[in-house]
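Novice: Sequence order for the protein chains is C and P.
Number 99 in our numbering belongs to position 99 of the first sequence; there are no gaps in the numbering.
Number 206 in our numbering belongs to position 206 of the second sequence; there are no gaps in the numbering.
If you're looking for bench data, these hints aren't it; they were derived computationally from the structure.
Keep in mind it's a predicted model, so treat the numbers as computed, not measured.
It is possible that some hints are incorrect.
[What the hints assert, rightly or not] Straight-line C-alpha distance at most 25 Å; calculated SDA-like pairs for lysine to any residue:
id: 1; chain 1: C; residue 1: LYS140; chain 2: P; residue 2: PRO153
id: 2; chain 1: C; residue 1: LYS102; chain 2: P; residue 2: GLY121
id: 3; chain 1: C; residue 1: LYS140; chain 2: P; residue 2: LEU220
id: 4; chain 1: C; residue 1: LYS101; chain 2: P; residue 2: GLU47
Listed here are the chains, written in short residue letters.
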Amino acid sequence: MKRTIIALSLILLVACLFGSTVQASVSIPDEVVEEIKGSIDEARDEFASLRNIVEAALANPDFTTPEAESLFSEAVALAEDGDYPQAMDKLDASLKSVEMKKLAVKTYWTMIAYLICYLCFFGFIAWVLVRSREMERRLKA
Amino acid sequence: MNEQESMKKGYNSGVFSPLVLLAFGIVGTLMLLWDTQLIFSARTEMEAVMGMIQKIFYFHVPSAAAGFLAFLVVFIASIVYLRNGSRVADIWAEAGAELGMMLTLLVLLTGMIWSRYSSWGVWWAWEPRQMTVLFLFLIFVTYVILRRSIHQPVKRGKFCAVLGIIGFLNTPLVYFSTKFGGLHPMLNSGDEGSSLTESMQSTFGISMLIITLFCAFLLLLRVRQGMLDDAVREKEASS
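Chain C extracted, bound-state conformation:
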């Protein structure tokens, strides 16, 4: 009986020692935990602010693209899974796609505006020259 008690006590002691050693090796210091929490919050904030910018850009139907919308959806899904670095990359790509479309649309309409100006100027010249030629012909006749 005595031996059994001593053996059990020893086993318990060893188990406690083993448990505390394992716990000590697994547990993370509070400062490290706070640091990780802080960086996650920072990534979430960064994501939220970029998300607002991209959402505002996508809200303009003139400049949005299917590619930008799908990249945005992927970014939101990744952020929900907590993968902020990947989500940020997707948001960046989405914003880039919108910016490219914006540049293309603005360039196209600027060219249209210049084309209208040139057509009006040279159309006016052509109209005046045709009428002048007709008048000169009638004068000579």
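Place chain P on chain C using the hints.
Specialist: Positioned in the frame of chain C, the structure of chain P alone reads:
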């Protein structure tokens, strides 16, 4: 030598001679092309907020200024016509009105594109500058229609001269319309569209000069055609 005779000679001499007009036209076209190249070159910076669409500004504003000058020609020629009934003054007024109408149409169209793809997001914002320019354009559309509707020359000249003077009196309203509020950017006001860097300002000045000169060429061409019209009418009436 009466006015009719001097006009008959006029359309083939001086600034109206075909050779002078041809040279003016070639130089004007080349300068216009060079100006366009300058506007889109790296020398003229891209505006940070509006981007590419701001380049419309280099044609839009000079067209508006040239349009105002064309309406000034209408105003002066109309007063001269009402004072002495000069046929030449009537021809200048007609040419100025047609050119001014075309330039105002350009201002409206380029302004609508700018309005849609810059910060306003709409083709037409119903704001004071747009409305006063539209009103000015419609007055001169009426002027052109009126000219083609009245066949008696003296009556046509008088009615159109009065309308031309009224039309020109609307231009200060257009110029000062931004003071009544609205969204239209103003030059040198520090708001969007007016934040021009040095390179933008120099390109703008060059555009202003070239487009005004090109419009002067268009006006001379149209005046010559008016003189030819008149000579033909005179010839057909006498025969």
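Novice: All hints are to be evaluated individually against the structure, with a verdict given for each.
Specialist: Here is what the structure says about each hint:
no. : hint                : result
1   : LYS140/C / PRO153/P : holds (24 Å)
2   : LYS102/C / GLY121/P : holds (13 Å)
3   : LYS140/C / LEU220/P : holds (22 Å)
4   : LYS101/C / GLU47/P  : holds (17 Å)
Of the numbered hints given earlier, the model fails none.
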